[in-house]
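**Q** Sequence:
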Amino acid sequence: MATPVKQSPTALRQGENGFNYKPQFGLVVPCKDEAEQQRRFARLVKLGMAPKVVCV
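Quick note: the sequence shown uses the numbering used here, first residue 577, plus one each step.
Read the hints as simulated data drawn from the structure, not as lab findings.
Note that the structure is predicted; figures quoted are calculated from it, not measured.
For glycine and all other residues, C-beta sits at the position ideal for the given N, C-alpha and C.
Heads up, a few of these hints could be off.
Stated by the list, open to error - Under the rule of at most 35 Å between Cα atoms (straight-line distance), these lysine-lysine pairs were calculated in the DSBU-like manner: (1) Lys582 <-> Lys622; (2) Lys598 <-> Lys582; (3) Lys622 <-> Lys608; (4) Lys608 <-> Lys628; (5) Lys608 <-> Lys598; (6) Lys582 <-> Lys608.
To be verified - Computed Cβ-Cβ distance ranges for the label pairs, DEER-style: (7) Val630 <-> Ala587: 44 to 54 Å; (8) Pro599 <-> Arg619: 39 to 49 Å; (9) Gly591 <-> Lys628: 25 to 35 Å.
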């Protein structure tokens with residue numbers, strides 16, 4: 577039988593740990609291959625954006 581998890585008496589409630597959450601929004605644009613990804617990345621940079629590359 578599993579032992580219940582004990583919380584520390586000094587445990588902080590959610591949102592009280594000092595972390596300042598800042599919402600962010602993004603999008604994913606599928607590319608057919610790495611070359612297309614590189615072209616799209618370069619184009620977005622040229623437009624003044626700051627894209628982030630994701631490979632899955």
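**Q** Is it true that Pro599 and Arg619 lie within 39 to 49 Å of each other by Cβ?
**A** violated, 26 Å
**Q** Below or equal to 35 Å on CA atoms is what counts here, so check Lys582 against Lys608.
**A** violated, 50 Å
**Q** For the hint 44 to 54 Å, verify it against the beta carbon of Val630 and that of Ala587.
**A** Violated: the Cβ-Cβ distance is about 35 Å, outside 44 to 54 Å.
**Q** Is the hinted pair Lys582 and Lys622 satisfied, with a Cα-Cα distance of at most 35 Å?
**A** violated, 53 Å
**Q** Given the hint that Lys608 pairs with Lys628, test it: the Cα-Cα distance must not exceed 35 Å.
**A** holds, 17 Å
**Q** Against the 35 Å threshold, does the CA-CA distance of Lys598 and Lys582 hold or violate the hint?
**A** Since the Cα atoms of Lys598 and Lys582 sit roughly 30 Å apart, the hinted pair holds (cutoff 35 Å).
**Q** Take the C-alpha atoms of Lys608 and Lys598, compute the straight-line distance between them, and say whether it is at most 35 Å.
**A** Given pair Lys608, Lys598 holds - Cα atoms ~32 Å apart, limit 35 Å.
**Q** For the pair supplied as a hint, Lys622 and Lys608, is the alpha-carbon distance within the 35 Å limit?
**A** The given pair, whose Cα atoms are some 21 Å apart, holds under the 35 Å limit.
**Q** Is the gap between the beta carbons of Gly591 and Lys628 within 25 to 35 Å?
**A** holds, 27 Å
Violated hints for the displayed structure, listed by number in ascending order: 1, 6, 7 and 8.
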